[in-house]
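Whole structure, please, built from the sequences with the hints as guidance.
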Amino acid sequence: MSEAAYAPPSAEPAAHPIAEFRGVSKRFGEVLAADDLNLSIRTGEFLSFLGPSGCGKTTALRMLAGFESPTSGEVFLDGEVVNDLAPYRRPVNMVFQHYALFPHLTVAQNIGYGLRQRRPKPPRDEIARKVRAALEIVRLEGFENRRIWEMSGGQQQRVALARAIVNEPKLLLLDEPMAALDRKLRKEMQIELQNIQRRLGITFILVTHDQEEALSMSDRICIMRDGRIVQTGTPRELYDQPRNRYVAGFVGTSNFFDGVVERADAYRARVTLGCGIALEGRVLAPVAAGQAVSVSVRPEQIRLARTATGGETGWEVTILNRIFLGEHTEYLVKHDGLGEFMVLTPRQAELSDGPFNAGERLTASWEATSALVLDNDQAPQAN
Amino acid sequence: MTQRGRNLLLLAPAGAWFLVMLVIPLAVVIIFSFGERGPAGGYVPAFTLEQYANLPARWAAFKNTLMLAPAGTLASLLIAYPLAYYLAVRADPRWKTVLLVLVIVPFWTSILIRSYAWIFLLGGRGIPALLDLIGIDNVRLINTPFAVLIGIVYGYLPLMVFPIFVNLDRLDKRLLEASADLGASPWRTFLQVTLPMSLPGIATGCLLVFILLMGEFLIPAILGGGKVFFVGNALVDLFLQSRNWAFGSAVAATLVLLMLVSVTAYMRLIRRLGAQREDVALM
Ligand SMILES: Nc1ncnc2c1ncn2[C@@H]1O[C@H](COP(=O)(O)OP(=O)(O)OP(=O)(O)O)[C@@H](O)[C@H]1O
Ligand SMILES: [Mg+2]
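If you read the sequences in order, they're chains A and B. First residue of the first sequence: 1, per full-length UniProt numbering; consecutive thereafter. First residue of the second sequence: 1, per full-length UniProt numbering; consecutive thereafter.
Hints may contain errors.
Unchecked claim - With a cut-off of at most 30 Å between alpha-carbon atoms, the simulated DSS-like pairs for lysine-lysine come out as follows:
id, chain 1, residue 1, chain 2, residue 2
1, B, K173, A, K121
2, B, K173, A, K170
3, A, K130, B, K63
4, B, K63, B, K227
Said to hold, decoys possible - Per the computed footprint, the stretches of chain B lying under chain A, defined by three or more beta-carbons under 8 Å from a beta-carbon of chain A, are:
id, region
5, 169-182
6, 228-241
What the hints assert, rightly or not - Covered by chain B, per the in silico footprint, the following chain A stretches (three or more residues, Cβ under 8 Å):
id, region
7, 209-218
8, 241-247
Note that these hints are calculated values from the structure, not bench results. Note that beta-carbon positions come from the ideal geometry of N, C-alpha and C, so glycine has one too.
Okay, structure coming up:
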């Protein structure tokens, strides 16, 4: 737990999975909270479950902690099936969404709780030493004898974190631990969490419905929807190669032009939009003619110019709105057929040609390779 | 109106009630206890300690009360706690309320009627007759302290169950999960989280039952059959039968004093326990 234990983050986490879902489903009466989950969690990685409310993130986490057992399928921890292993027998600790700190105990007693359950029980001074080290990690030295209700929300959150990491679990589960914090504190805690994870080398699984949080903190993100895993990958993979429109909408922002595939091969497709315009785009997952799709173009991949550039198709647009974001400027533009969409222009690009003003008529263009043709099925995708 | 004025107004009804129903009767009792019995009963003003000197005559009543009130409280607690725990923690939430009502339903009939049922159960043709069948003969239950204890537990159980139930019901179940997550077995979770967190409910239930038991007279009258009697029975006797108001007042005043002393001692104990709650949890 000291600085000496610093383990630099390995670029490629070890392949050995610390935990695994194999065909795991969980049913609560009518609700299928987890639907055929297949996921392998690598030792030492920082993985996030990302998805809207009610998509089954907490349920997945609770099956790892042992509070729920799957209706079907197998949950593995460290290579063993643990479907029905009681929570107190698992080398896993959880930071609960509302912390669940013991109000009848002091801060130090809360943090030492897990150590006191060990058999044989560690000596008093060893517990005290580890508690002090954990308090140091979460920067709460001197708060040992405080009562829980005497702590602010952010401090409580750090106590909850300390109470979990002091046990040096193989796997740390965090269920929206920062949901109750204000923006500034949340940013600070995110950085702190990442530092702690790298320092201790513990595998972290974070549940969140904040895409920014997931993108900035995780090695890998697992996007969920209606109890299913839609796609798992590094933030960059999800951003560059979303499996479908749902993922593209969840990771970063994008412009979507809905339409039907006119013709397609393995690499490219031509899509006819509702307004009759046809767009070309790159294909990541195979699509067939007649399929409902969305053409996704990221705002930063669209260029605006006063004069049409040769080679690419240009769209005559009118600027509706301009938001100055420092390094970038965000424009909301409108095309007669395509409708409204967003364009993000870097400051550099504006030095020669910009800035553009609201009401101005310009040409918007993008390379066909930056347009992605994505499945637009509203129902969840099989894995 | 000032804040102070509003506070006074809020307290006025309770204050009036307190004065009329508590302070004045208590003052009357204390004054009477220093008086004398009239020739035809009742009370004659005087100032004498004679009535207090006479207290040992009622020693048995005090002894029974001081033994059976704490014993009854403890027995009720031991039976009520698992029941309240089951209702609050284990029972199916859909049935919780129904089950709780079932515990309270007996309260709707008079304790008098319910205790009479026990006369039969504990009497010669009840449980002793059954024991006789399996070869245990000559068991006497009715009119013993044990019979009174059974009656007490039976009569006061809901009063003990309720505060503990409310306390356990409000206990954040996530704390139990957190404890399990940190490696505590269910039994250790009970000892370290559930029990310490339900101390307030236990304290309330015990206080309630104990205070009422100190003044109890119906159960000993019915199940003690004149052999096991409480101070309450002595008072009924002194005020209603022998009409010795002065001595009755001295007995009553002594009972009030005993209650004050024991409740104060009890509160001290609870406060000490509360301060040690972390130690309870560290067991
Ligand atoms: N104990 C339970 N009994 C019945 N239904 C449940 C139970 N737990 C979860 N569910 C249902 O399972 C689904 C998934 O719930 P879960 O708590 O996993 O969602 P979540 O992704 O964590 O949502 P949120 O972001 O709001 O926390 C929901 O429809 C929920 O109503
Ligand atoms: Mg949740």
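Going through the hints against the structure:
Simply put, K173 of chain B and K121 of chain A have alpha-carbon atoms about 26 Å apart, close enough for the 30 Å limit, and the pair holds. This hinted pair checks out: K173 of chain B and K170 of chain A have alpha carbons roughly 25 Å apart, not beyond 30 Å. In summary, the hint linking K130 of chain A to K63 of chain B is not supported, as the alpha carbons are separated by about 54 Å, beyond the 30 Å threshold. Restraint check for K63 of chain B and K227 of chain B: the C-alpha separation of about 13 Å stays at or below 30 Å, so the hint holds.
A stretch counts as covered by a chain when three or more of its residues have a beta carbon under 8 Å from one of that chain; for the region 169-182 of chain B and chain A the count is 9, and the coverage holds. As drawn, the region 228-241 of chain B meets chain A at 0 residues by the rule of a beta-carbon pair under 8 Å; below three, the given contact is violated. Remark: the region 209-218 of chain A is not confirmed as covered by chain B, as 0 of its residues place a Cβ nearer than 8 Å to a Cβ of that chain, below the required three. Judged by the Cβ-Cβ criterion of 8 Å, the region 241-247 of chain A is not covered by chain B as claimed, because only 0 of its residues qualify and three are needed.
Against the hints set out earlier in the document, violations occur for numbers 3, 6, 7 and 8.
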